[in-house]
Structures are given as C-alpha cells and as structure tokens.
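Heads up: the sequence lines are chains H and A, in that order.
Converting from the first sequence to my numbering requires adding 65 to each position, the first position being numbered 1.
Converting from the second sequence to my numbering requires adding 182 to each position, the first position being numbered 1.
FYI, nobody ran anything at the bench for these hints, they're computed from the structure.
Predicted model only: the values in this text are computed from it and were never measured.
Quick reminder that beta carbons are idealized off the backbone N, C-alpha and C, glycines included.
You may find that some hints are simply not true.
[What the hints assert, rightly or not] Not close to chain H: a few residues of chain A, all C-beta gaps over 12 Å, as computed: (1) GLY262; (2) PHE264; (3) TYR359; (4) ALA367; (5) ARG391; (6) GLY408; (7) VAL494.
[As the list claims (entries may be wrong)] Label pairs and their in silico Cβ distance ranges: (8) PRO293/H - THR321/A: 39 to 45 Å; (9) THR71/H - ARG412/A: 25 to 31 Å; (10) PRO410/A - SER178/H: 19 to 25 Å; (11) ILE385/A - LEU126/H: 38 to 44 Å; (12) GLY371/A - SER178/H: 29 to 35 Å; (13) ARG173/H - TRP374/A: 44 to 50 Å; (14) PHE501/A - ALA128/H: 35 to 41 Å; (15) SER178/H - LEU290/A: 50 to 56 Å; (16) VAL504/A - ARG122/H: 53 to 59 Å; (17) PHE499/A - PRO303/H: 18 to 24 Å; (18) ARG412/A - ASP236/H: 28 to 34 Å.
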Amino acid sequence: MNLHATELWFSYNGRHPVLQGVEVELRSGELLFLLGANGAGKSTLLRCVAGLLPPERGQILLAGRALPTMTARERAQHIGLVPQAHSPVFTYSTRDMVLMGRSPHLKRLAGPSRRDHEIATWALQSVGLEKLADRPYTALSGGEQRLALIARGLAQGARVLLMDEPDANLDPAHQHMVLRLAAQLADRDLALAVTSHNPNNALAYSHRAGLLSCGVLVCGSPMTVLNPSALEQAYGVPFASLSGSDGRVAVLPAAELNLPGR
Amino acid sequence: MKSPVPPWILLLAAPAAAGFAALLMGRLWLSPSEVLGALLGRGDVPELSRTLVLGVRLPRVLAAGCVGAGLSAAGASFQGMFRNPLVEPRILGASSGAALGAAAALLLGWSTFAVQASAFAVGLAAVAGAWLLSRGFGTSVLVLVIAGLVVASAFDALLGILKYLADPTDALPAITYWLLGGLGAVRWGHLWPLLGATGVGAIVLSAARWRLNVLSLDELEAESLGIPVRKWRLAVVAAGTLLTAAAVAAAGVIGWIGLLVPHAARALVGPDHARLLPASLSLGAALVILLDTVARTALPAEIPLGILTGLVGIPAFAFLFVRTLHTRGGWR
C-alpha cells in the first residue's frame, strides 16, 4: 500500500511554517529514512502523514484515497505509528501492550476477542518477543520495547508503518536488531518510514532517504541524498565520507576540533 | 493459570458475603436462617426480624455497596485516564460540589431527600463547570485536572462561607455531621436514585474498561490506534462523575475508598483495566459494606463512616504503597 503526500504545508503557530511544500512517497516494499536537524520537522511530518495533525495545505493519498476522508478507525487499520520508546505509568504486560494494536478492529463496545489474542501472539512471534509476552512492558530493555511497539503496529494490521527514531538511545547491536526487523518488514511488502539522526544507518538499511532542511524534503537514493555537502547544509557542520574496501560508504562530521592535547 | 471458579462468581461472592454478614449484625443479632427466611419471604420469621432485615438493614447494605462500588470504579477509571495512580474520584470537583449542594440545602432546612438531590445536582454541575472551563485551554488531561482543582477550590471556599453563615446551634452541626459521612439516613424511598445512578455509571465504565488501557497511553498514541480519545474521555468523566456525585449525595464525603480500592485490586488482578474495573467494583462494594457495619455496630453511637474509612484507609494505603515499591518496582 502506497502513501503519497504532495505540497504539505504545516505550522504550529501560523507564522513560521515547519513544512513548506513537502512531497514524500512511501512505497510498499521500501524502507525510507527521514533525516534532518533537531526541530527540522521530522516528527511533525510523520504525524501529518499519519493523519494525526491536519496540514494547512497539501494532499495526502493512501492507496489513491484522500486521507482526511477516512475515519480515525479506518486510518488506524492501515497506518501504524511506532512512537519513541516511552514508559507507561502502569506496568501492562508486553502482550497487553501489543493487544492494544487491535483497537481499530474491535466492535463498538467490545473488548478483544480470542482471534485478537491470536493475532497479538502472532505479532509477538514475528518480532521474536513471544518468550517475553507476560513480562511487564516496562521491564523490557529499550530495544525490546521498540520491538514490542513494532509488534503492536503489526497487530494493528498496518501496511504503512511510521517509526519515530527507532534507533535512538540504543547500543549498536540493538540498533541493528530493530533496523534489521524494519528492513525485513519492507521485504514483506510493508511501506516503512523511519526518522533518525544517524545517516550511516540510513546508508546501511534504507532503500531511499529524505533529508529535511528549511521546511523542504529532498528524497532519493541514500548515497546521493546523504552526500557530505547536503549533510553540511542540513546540519551546519562539515561532513566527510569514507569508503571501505567492500565498497560501503560511511559519513562522519568533520568539524575541526582544535582541542589541546589531541 | 486457570481458576476453577468462573471469575464472575468470585466478583459477586465478595459483596454478597459481606452483605449477608452485615444483615446478621446489629444491636439485635439475627441467625443466618432468620435472615435467609426474611430474604426469601418465608412465613415463619418473626415480624421484628423481617422488619430489621428488609426494612432497615437491607437498604443500608445496598446503599453501602453502591457507594463503595461507585467510588472505587470511578477511582480506577480516573487513575487510568489521568495516568496517575494517586488520583481520587473527587479530583474533578464532584465531591466539593456535592458538599456545597448539601450544605446549602441543610442551611435552608430542606428535607433529607431534597438535601441528597441538591448534593447530587451541584456535584454534577461542578464537574460540568470544570469540563467547560478546560475546553477553553486545549484538550490535554492536565488542563482538565487543573480546571477541576480550580472549581473544587472555589466550591470549598463557598462551603466555608455557608458554614460561617450557618446557625451554630442547629444548621452548623447538621452540615458538619453530614460532611463526616454516614448512611444512617438511608431509607428505601431515597435509595432508587443511588441504585439507578450506580447502575448506569457502572455499565458505562464496564463498556469502556478495555479502552481505558489505551486511554492511559499518550494522547497522540491513543489516537494513532484509532480510538476517538475525546469521546471516550467524555464518557468516562460523565460516568465517573455520576457515580461520585451519587455516592457523596447518599453518604457524605467518604475519603480513601476511591484511592485505596483500585490499588488493592491492582495488587490482586494486575493493571489491565479489563480486569481491574470489575475487581474494583466488587472489592469496593464489599469493603464499604463491612466498614458501614462496623460504623453502626462497634459503639453504642454510630461512628461517622468518613472517619472510619480514613482510619482504615491511611495505614492500608501506606502498606500497599510500600509493598508495591518493594516487590514490583512500579504500579501494578
């Protein structure tokens, strides 16, 4: 299922627009990384595309249908949002957290059925958390919590998954665990958009990348979009690019340190 | 782990057992067979026992059950919705409003029924005021809590004025005694509004109980799951307010129940509101029935129920609090 947004304009206070005519396309089978400086509007773009913030102008089409004409329930059956890991006040079990993904499928006043429980179990298995199902969600590690929230999106039946910084605050092994799962979900024909602060993760895992700067999004192949000069423009510090003997490329900030003793 | 007894039987058993025990006890102790006979309408039960069971004790047990179930269910739902385990059902001003309504009616010398009706109406009006006030400042639950705090403080101040104006020989003691809480004035004739309001409130919250889990998440997150957050929030606030206002109108200001019982229920069945809400209804009903029985039988004169719930509630809450911190590392 594809999602196509064109000419998106959005501002929080009516004066300084965060998004100034953004176009973005999420295609099924693709993992799209969205990068940009703090406050550039990555999370805002994600919320607009999820239908949770109405843009001032612009059009969002989900499989050809205008997103605003869909009910919240219909939207949630197709689009899942994986928030940054958080800690709920109450210590719900991991299974209960995943089960909440069934919300947009429940009958009017009913709770989850036996089938909803089965779907939650399947979702837990698809992310490899079935052994932790009965642990409190708050007792999971940061990486496991991300996986649980992704499982919730799968239980939701979403074909479009939007993830807000799933690689933040994780050690390299856990970043790999979460992003490998995202790439695997793209192989299962989901459309994924991931915001991140790590251009090297984009280079390693994404099919396409977008760089958000000054309210405008530039999209394309990760190698072309995330070139050192574009990154310098977006983040305001110089970048250098390194290539390994296997042809893989990495970028790193290359500002002069000028610290004594180094 | 599957319990051999269906859970709904356990839910009914606790308040039923407490209620049956309460029917036995009083200045005149009755035998279980006398109580059963009176309840089943058998002819061989003495007239006095029949009157005591059906006319005096049964309405009081039902009222205590409604008050306990209502305050506990409102407390459990509000704690979930406001994402704060220290919330009490009076947080939105229902209790302060009801107290003001009752005090005004007592000052005017109205009948018992009119005092209850006034308490109920002003309790609902207070929360409606808080809801309208909060709508001017966005939609977050924090704004609603602050609006509730403002309204409750305003009504508390007005209550102070009424007490200052009240005649210290008759109206002031009546107001003070009413505020301490008790079910001594319960009669069949006044019971129906309480039974009705508790029934409606409990049904609405039971329908919302699984969605309370989702409502206890971040608002944007709940909306991304397709839940119409504001509609459910209004339903939960309306139902919780109905329960609280009805309970305070019938029994006066009863503290601690709405805070304590949800914690005890969480310790028993876990944090999932689909289980927590029925457990709170059941435990709350049983606990207040027992406390009210103590209130009317322990001393020659009746102990105000509000004092008793405070005496029992504070150490019980301290115990649960410490146990929760030690064994679970979080609120369950």
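Comparing the hints with the structure gives:
Residue-level check failed: GLY262/A sits 7 Å from the nearest beta carbon of chain H, not beyond 12 Å. The Cβ of PHE264/A sits about 9 Å from the closest Cβ of chain H, inside the 12 Å cut-off, so the non-interface label is violated. Distance to chain H confirms TYR359/A as a non-interface residue, since its nearest Cβ pair spans about 38 Å, more than 12 Å. No Cβ of chain H approaches the Cβ of ALA367/A within 12 Å, the least distance being about 36 Å, so the stated non-interface status holds.
Chain H draws ARG391/A into its interface by the beta-carbon criterion, the shortest separation being 7 Å against a cut-off of 12 Å. For GLY408/A, the requirement that its beta carbon stay farther than 12 Å from each beta carbon of chain H is not met, with the minimum near 3 Å. Every Cβ of chain H is farther than 12 Å from the Cβ of VAL494/A; the closest lies at roughly 25 Å, confirming the non-interface assignment. Restraint check, PRO293/H to THR321/A: a C-beta distance of roughly 44 Å satisfies the suggested window 39 to 45 Å.
Taking the beta carbon of each, THR71/H and ARG412/A are about 30 Å apart, inside 25 to 31 Å as hinted. Distance hint check for PRO410/A and SER178/H: the Cβ-Cβ separation is about 20 Å, which falls inside the suggested range of 19 to 25 Å. Range check, ILE385/A to LEU126/H: Cβ separation about 42 Å, and the 38 to 44 Å hint holds. Between GLY371/A and SER178/H, the C-beta spacing of about 44 Å breaks the proposed range 29 to 35 Å.
One distance hint, 44 to 50 Å for the beta-carbon pair ARG173/H and TRP374/A, is violated here, with the actual separation near 29 Å. Here the CB-CB span from PHE501/A to ALA128/H is close to 56 Å, at odds with the stated 35 to 41 Å. For the hinted restraint 50 to 56 Å between SER178/H and LEU290/A, the CB-CB distance of approximately 54 Å keeps it satisfied. At about 56 Å, the beta-carbon gap between VAL504/A and ARG122/H stays in the expected band of 53 to 59 Å.
For PHE499/A and PRO303/H, the hinted distance range of 18 to 24 Å is not satisfied, since their beta carbons lie about 59 Å from each other. For the pair ARG412/A and ASP236/H, the supplied restraint of 28 to 34 Å is violated, since their beta-carbon distance comes to about 39 Å.
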